[in-house]
Amino acid sequence: MASDSTTSGTAWDNLQPEDFKKIGMDEKQSEIIQRESLSAWRDSWERLRKNKLAMTGLVIMILILIMAIIGPMISNYDYETNDLMNTNMPPSGEHWFGTDDLGRDVFVRTWMGARISLTVGLAAAAIDLMIGVIYGGLMGYFGGRIDEFMNKFAEILYSIPYLLVTILLLVVFEPSLGTIILALTITGWINMSWIVRGEIMQLKNREYVLAARSMGAGTGRLLFRHLIPNAMGPIIVTLTLSVPNAIFAESFLSFLGLGVQAPVASWGSMINDALSGWMYYPWRMLFPALFISLTMLAFNIFGDGLRDALDPKLKK
Amino acid sequence: MLRYVASKFFYMLVSLFILISATFFLMKAIPGDPFMGEKKPSPEILARLMEQYDLDKPVFQQYTKYLGNIAQGDFGLSMKQQNQSVTDIITDTFGPSLRLGLIAIVVAVIVGVLLGMLAALYHRRLIDSAAMILSVLGIAVPSFVLASLLQYVLAEKAGIFNVMGFDSPLDYVLPVMALSAQPIAFIARLTRSSMLEVLHSDYIKTAKAKGLNWMAIMFRHVIRNGILPVVTYVGPMTANIITGSVVIEQIFGIGGIGKQFVDSITNRDYTVIMGITIFYGILLMLARFMTDIAYAVVDPRIKLDGGKEG
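Order-wise, the sequence lines are chains R and C.
For the first sequence, the positions run 1 to 316 when the UniProt record's numbering is used.
For the second sequence, the positions run 1 to 310 when the UniProt record's numbering is used.
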C-alpha cells in the first residue's frame with residue numbers, strides 16, 4: 001500500500017496483532033485516589049484564597065491589627081500627654097499624623113483608638129456568639145412550644161430599637177469599655193440566634209443525628225458535637241459581619257459623647273473632637289476616619305468572600 | 001389577613017410597652033435627683049420642683065401616671081428648658097427632620113433600585129463592578145465620616161454648597177447625600193441579587209420564548225418581582241435614617257429632633273431624652289409594622305395564619 005509515504009513514525013494502518021500486549025487490570029490500582037483528599041475546611045480555604053477581594057480584606061484586617069498592637073509602641077509619644085506648645089501641628093517627621101488641639105500625637109491616638117474599637121468589636125461579637133449559639137441552638141433543637149416561646153421573646157426584644165436601648169443604658173450608667181460592650185450585646189445576639197436556629201432546624205433531621213441519638217448521645221452532645229459544628233459556616237460569616245456593626249455602633253456612641261471618656265481615644269471620639277476645627281486641621285479627622293472606614297470595609301468584603309467560600313451553592 | 005395584622009399589632013404594643021417601661025425605670029435608676037447641679041437649690045425650691053415633676057410620689061404611682069400621660073401624648077416638662085413641654089419640643093423640631101428623612105428615603109429607593117437594576121442587567125460588566133464597589137463603600141463608610149468629607153470637599157473647598165444651615169433647597173443636597181448613601185448601598189445589593197435570580201428564572205425564559213418584547217418583560221415580570229425584597233428593607237432603613245440623622249443634623253447644624261436628642265443627652269435633660277427615645281421607638285415600630293403588612297400584601301406566598309411550619 002501507499003501508507004508508508006503518507007504516514008511517518010507510527011504507521012497506524014499497519015498495526016499487527018503482535019503490536020498489542022495484555023496488561024491486565026489491577027482492581028486495587030483503580031481504587032487508589034489520585035488527588036489528595038480535601039476536608040471541607042481546606043476546600044473552602046482554597047476557594048477563599050482565590051478570591052482576591054476577600055484576601056485584600058484579610059490582609060488589611062491583619063495589618064490594622066498589627067498596627068493597633070505595635071503602633072503606640074513605635075512612637076516616642078503617649079496618647080494622653082498634652083503638649084500645649086505644639087497644638088494642631090500638621091503631619092511631619094516629628095508627629096507622623098500631626099497633633100490635636102491639646103498637642104497630643106494623632107498617630108499614637110489613632111492606634112490607641114484602634115485598640116478600643118477592635119476590642120469593642122471583637123468582644124461584642126464574641127459575646128453575641130456565645131449567647132446566640134446557645135439560645136438559637138436550644139430553639140432549633142427543641143422546636144415546638146419552647147421554640148415558639150423563646151422566639152417570641154427574641155422577637156419582642158429585637159423590635160426595640162437597639163441603638164435607643166444602648167443610648168439609654170449609657171446615659172444611666174457611666175460609659176466605660178465594659179458598659180459599652182454590655183449595652184451593645186443586649187440585643188446584638190438575636191440575629192446570631194436566628195441564624196443558628198434555622199441551621200439546627202435543617203440539620204436535626206439528618207441521618208447522622210439519628211445515628212448518634214440511637215447510640216445514646218444526649219442533648220448536649222448532639223448539640224455541641226454534631227449540630228453546631230455542622231452549622232459553623234453561617235455562624236462564622238455572621239460573626240465576621242457583626243464585628244463592623246459593633247465597631248460602627250461604638251464610634252457612633254463616642255460621637256454622641258457616650259463612648260469611652262477622655263483622655264482615652266476611640267476613632268469615634270477622635271472624629272467628634274476633630275469636627276469643630278476640621279476645616280483648618282483636616283488631619284485630625286482624616287486618620288481616624290480613614291482607618292475606621294478601612295476596617296469596616298475589610299471586615300465586610302472578607303465576610304462576603306467567606307460566605308461565598310463556605311457555601312459555594314450561594315454563589316451566582 | 002386580619003389575624004396576621006392583629007397579631008403583628010399586638011406584638012408592636014407589647015414592644016412599645018417594654019420600651020416605655022425600660023426607659024422609665026432606667027431613668028429612675030440614676031443615682032441622685034436631676035436638680036443636683038453646681039448650684040444647689042434651697043430645700044423649699046427643691047420641694048416645689050420635686051412636686052412639679054411628681055418626684056415626691058412613690059415610684060409605682062409615678063410609673064402609672066407616666067404611662068397614662070404618654071397615652072395622651074404628654075411627655076412631661078423639660079428639666080433644663082424653662083416651661084417647655086417635651087411634646088412641644090418634639091413637635092417643634094420634628095418638621096425639618098421629617099422633611100430631610102423623607103427626601104433621603106425617596107432618593108435612596110430610586111437611586112438604589114436603579115443602581116441595582118443596572119448592575120443586574122449588565123451582570124459581570126463594568127457597570128456591575130462599579131455599582132458593587134460603590135455599594136461596598138457605601139456600607140463601609142460611616143455616615144458621619146461621609147458627611148464631614150462632603151462638607152469639607154464640596155462646601156469648604158469647592159464652595160458649591162453652604163457649610164451649615166438649612167434654609168434654601170440647595171442646603172438639602174449634602175445632608176441627603178450623606179444620609180441616603182448607606183440605604184442606597186443596601187438597596188442596590190438587594191435589588192441586584194433578586195433581579196439576577198428573577199432574570200434566570202423559568203418564567204422569564206417562557207416570556208422570552210413567547211416573543212414578548214423586552215420592555216414588557218422588564219416591566220411586567222422582572223421589576224415587579226425583583227424589587228420585592230426592597231419592601232422588607234423599609235423597617236431597617238427607617239432605623240438607619242433616624243440614627244444617621246442624629247449625627248448628620250449635628251454636623252450640618254440643622255435644628256431638627258436629632259440635634260435636640262444629642263443636646264438633651266449632653267445636658268442630661270432626662271425627660272427630653274425619655275420623650276424622644278419613646279417617640280423614635282414609636283416611629284420605628286410603626287415602620288416595621290407597615291413593612292410586615294406591605295410585604296404580606298405584595299407577596300401572596302407569605303403565610304398569614306401565624307406561621308405554623310408546614
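It is worth saying that the hints were derived from the structure and are not from the lab.
Values in this document were obtained by computation on a predicted structure and should not be read as measured data.
Check before you lean on any hint, since a few could be wrong.
To be clear about the criterion: a stretch of chain C counts as covered by chain R if any three or more of its residues have a C-beta under 8 Å from a C-beta of chain R, and this derived list gives those stretches [said to hold, decoys possible]:
#1 43-54
#2 260-267
#3 276-287
All C-beta atoms in this analysis are idealised placements derived from N, C-alpha and C, irrespective of residue type, glycine included.
Cut-off 8 Å, C-beta pairs, minimum 3 residues; does the coverage of the stretch 276-287 of chain C by chain R stand? holds (count 5)
Are 3 or more residues of the stretch 260-267 of chain C near chain R, judged by a Cβ distance of less than 8 Å? With 3 residues closer than 8 Å to chain R, the stretch 260-267 of chain C meets the three-residue bar; holds.
Okay, the stretch 43-54 of chain C and chain R, do three or more residues pass the C-beta test at under 8 Å? Three-residue rule not met by the stretch 43-54 of chain C, so violated; n is 0.
Comparing the model with each numbered hint stated earlier shows that hint 1 is the single one that does not hold.
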